[in-house]
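Student: Residues per chain are reported as follows:
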Amino acid sequence: MTEKEKIAMLEEMLELDEGSLSPETSLESINEWDSVAALSLIVLMDEEFGRQLTGKEIKDLKYINDILSLMEK
Amino acid sequence: MAIYDLGNVMISGIACAVPETVVKAEQYYEVLGEDVVDKFVKTVGVKQRHLGGDSMVTTADLCYDAAEKLIKDLQINREEIIALILVTQTPDYIIPATACVLQYRLGLSEECLAYDVNLGCSGYVYGLYLAATHIKPDTKGKVLLLAGDAKPSRKDSIDRSQAMLFGDAGTATILEYTEKGSGMKCLLKTQGHGFKSLIKPCGGNRHPGGNMERTLRDDGTIRNDFETYMDGTAIFNFSISEVPKLFNEFNKIFNLSPEDFDFIAFHQANLFMLNYIAKKLKLPKEKMPISLDIYGNTSSASIPITICDYFNRNNQECDDKYYNVMGCGFGVGLSLGITTFQVHNKTCFPIITTNDSFEDELI
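Respectively, the protein sequence lines represent chains A and B.
Sequence positions in the first sequence follow the working numbering and run 1 to 73.
Sequence positions in the second sequence follow the working numbering and run 1 to 363.
Simulated from the structure, these hints should not be mistaken for lab results.
Only a predicted model underlies this, so the values are computations on that prediction, with no experimental measurement involved.
Honestly, I wouldn't trust all of these hints.
[Stated by the list, open to error] From the derived model, a few chain B residues whose C-beta atoms are all more than 10 Å from chain A: (1) T43; (2) R78; (3) D231; (4) M273; (5) Y323; (6) K346; (7) T347.
[Said to hold, decoys possible] To give an idea of the chain A side of the interface with chain B (calculated C-beta under 8 Å), a few residues: (8) A8; (9) V36; (10) V43; (11) L44; (12) D46; (13) G50; (14) Q52; (15) I58.
[To be verified] Using 30 Å as the maximum straight-line C-alpha spacing, the simulated DSSO-like pairs for lysine-lysine come out as follows: (16) A:K56 to B:K279; (17) B:K42 to A:K6; (18) A:K62 to B:K39; (19) A:K6 to B:K280; (20) B:K196 to A:K59; (21) B:K42 to A:K4; (22) A:K62 to B:K42; (23) A:K56 to B:K280; (24) B:K42 to A:K56; (25) B:K196 to B:K72; (26) B:K39 to A:K56; (27) A:K59 to B:K280; (28) B:K39 to B:K189; (29) B:K245 to A:K56; (30) B:K196 to A:K62; (31) A:K6 to B:K39; (32) B:K39 to A:K4; (33) A:K59 to B:K279; (34) A:K59 to B:K200; (35) B:K151 to B:K72; (36) A:K56 to B:K200; (37) B:K245 to A:K6; (38) A:K6 to B:K285; (39) B:K180 to A:K56; (40) B:K42 to A:K59.
Here a beta-carbon is modelled for each residue, glycine too, at the ideal position from N, C-alpha and C.
Given these sequences and hints, build the entire structure.
Tutor: This is how it looks when you write it as structure tokens:
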């Protein structure tokens with residue numbers, strides 16, 4: 001999966017317009033990033049990447065790039 | 001492994017009781033903000049709950065009313081009840097077991113055994129298993145299983161992870177011996193390493209004292225040391241990974257599949273979570289009834305509440321017959337289990353509302 005596809009997936013998850021996210025986007029700057037979005041991310045990671053996120057991993061997320069790194073592990 | 005195939009036991013009926021007061025999610029607009037509340041409703045799925053609040057109705061009171069209804073409607077002779085099990089994490093007293101008080105209040109025989117079980121979300125499954133083990137061919141007796149949670153302080157919570165989630169409810173189920181039917185099959189598990197994920201840390205003997213003052217905690221919630229802490233992420237992860245595993249393992253052990261059940265009553269934890277579990281298990285929506293939209297997460301009461309609510313909502317379409325049901329409970333402990341059984345739609349009674357509270361004349 002390309003970086004572009006992964007970002008598109010996150011945009012869809014957060015119900016954002018295409019092209020609104022980049023690896024440098026900070027999560028703090030996204031209004032839609034909240035505890036519910038975190039649950040959606042847990043589901044997305046489980047479903048698409050077969051990976052379980054811990055609470056600490058979610059807490060440590062600062063930028064979209066951090067999520068992209070988790071998708072590679 | 002805790003695998004049990006218990007034949008010759010059946011559920012004779014189920015009754016449930018909730019407090020009269022309905023608290024709608026919108027009532028939290030002011031405290032938690034409109035956006036937060038609307039998003040919560042859309043995701044978690046709880047539009048309203050029944051809360052006892054000022055009426056001081058306890059779990060025991062709700063279970064008492066549910067049991068009275070069941071005893072009367074099924075015309076059960078109280079002398080026939082040989083065992084009373086109360087599954088709750090909100091007992092009336094720390095000492096004695098609330099089951100003993102209920103044996104007295106319900107006018108049951110002194111030959112009846114009675115005890116409490118401290119389990120929550122998985123409690124009904126464990127309770128059915130325990131109840132079934134008290135039934136033998138040579139005893140004509142019936143077993144009364146009471147399960148639920150209610151606490152008057154629930155209305156005061158401002159912890160955004162829980163304030164709008166949990167509802168009060170008490171339930172009663174009667175089990176008895178039978179020559180017919182499919183009996184009960186159970187698979188029970190425990191993951192105690194997750195005990196901190198859902199915990200009321202203070203007020204027990206490990207930490208008798210604690211801070212009564214509410215403060216903002218690291219996880220962003222506002223609570224004191226005597227209020228229950230929930231690590232939502234951990235519970236969510238546990239549920240979406242362990243429940244599908246348990247479900248598949250159960251079906252493999254007993255050579256069953258979702259087609260063998262009319263519906264599956266899941267513990268009503270969170271709609272988003274349940275929908276994802278259903279997706280993972282490829283369960284069609286109609287096999288997974290939802291009751292948390294109007295009753296919230298009612299802990300050990302959620303499976304019987306879901307069953308009675310299912311028959312009430314689908315009253316017109318339901319044929320009069322025995323339904324094959326799977327009950328799946330998971331959560332606090334962490335503890336989890338599945339049991340299968342049959343219920344008749346005519347003896348799963350409509351959920352009653354009550355604010356009756358027992359006067360013990362103590363204080």
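Student: Please go over all the hints and tell whether each is borne out by the structure.
Tutor: A quick look at each hint next to the structure:
no.: 1; hint: T43; in the structure: violated (5 Å)
no.: 2; hint: R78; in the structure: holds (47 Å)
no.: 3; hint: D231; in the structure: violated (6 Å)
no.: 4; hint: M273; in the structure: violated (8 Å)
no.: 5; hint: Y323; in the structure: holds (31 Å)
no.: 6; hint: K346; in the structure: holds (39 Å)
no.: 7; hint: T347; in the structure: holds (38 Å)
no.: 8; hint: A8; in the structure: violated (21 Å)
no.: 9; hint: V36; in the structure: holds (5 Å)
no.: 10; hint: V43; in the structure: holds (5 Å)
no.: 11; hint: L44; in the structure: violated (10 Å)
no.: 12; hint: D46; in the structure: holds (6 Å)
no.: 13; hint: G50; in the structure: violated (10 Å)
no.: 14; hint: Q52; in the structure: holds (6 Å)
no.: 15; hint: I58; in the structure: holds (6 Å)
no.: 16; hint: A:K56 to B:K279; in the structure: holds (26 Å)
no.: 17; hint: B:K42 to A:K6; in the structure: holds (25 Å)
no.: 18; hint: A:K62 to B:K39; in the structure: holds (23 Å)
no.: 19; hint: A:K6 to B:K280; in the structure: holds (21 Å)
no.: 20; hint: B:K196 to A:K59; in the structure: holds (18 Å)
no.: 21; hint: B:K42 to A:K4; in the structure: holds (29 Å)
no.: 22; hint: A:K62 to B:K42; in the structure: holds (26 Å)
no.: 23; hint: A:K56 to B:K280; in the structure: holds (25 Å)
no.: 24; hint: B:K42 to A:K56; in the structure: holds (26 Å)
no.: 25; hint: B:K196 to B:K72; in the structure: violated (42 Å)
no.: 26; hint: B:K39 to A:K56; in the structure: holds (23 Å)
no.: 27; hint: A:K59 to B:K280; in the structure: holds (26 Å)
no.: 28; hint: B:K39 to B:K189; in the structure: violated (33 Å)
no.: 29; hint: B:K245 to A:K56; in the structure: holds (24 Å)
no.: 30; hint: B:K196 to A:K62; in the structure: holds (26 Å)
no.: 31; hint: A:K6 to B:K39; in the structure: holds (25 Å)
no.: 32; hint: B:K39 to A:K4; in the structure: holds (28 Å)
no.: 33; hint: A:K59 to B:K279; in the structure: holds (27 Å)
no.: 34; hint: A:K59 to B:K200; in the structure: holds (23 Å)
no.: 35; hint: B:K151 to B:K72; in the structure: holds (27 Å)
no.: 36; hint: A:K56 to B:K200; in the structure: holds (21 Å)
no.: 37; hint: B:K245 to A:K6; in the structure: holds (27 Å)
no.: 38; hint: A:K6 to B:K285; in the structure: holds (29 Å)
no.: 39; hint: B:K180 to A:K56; in the structure: violated (52 Å)
no.: 40; hint: B:K42 to A:K59; in the structure: holds (23 Å)
In summary, the numbered hints that this structure violates are 1, 3, 4, 8, 11, 13, 25, 28, 39.
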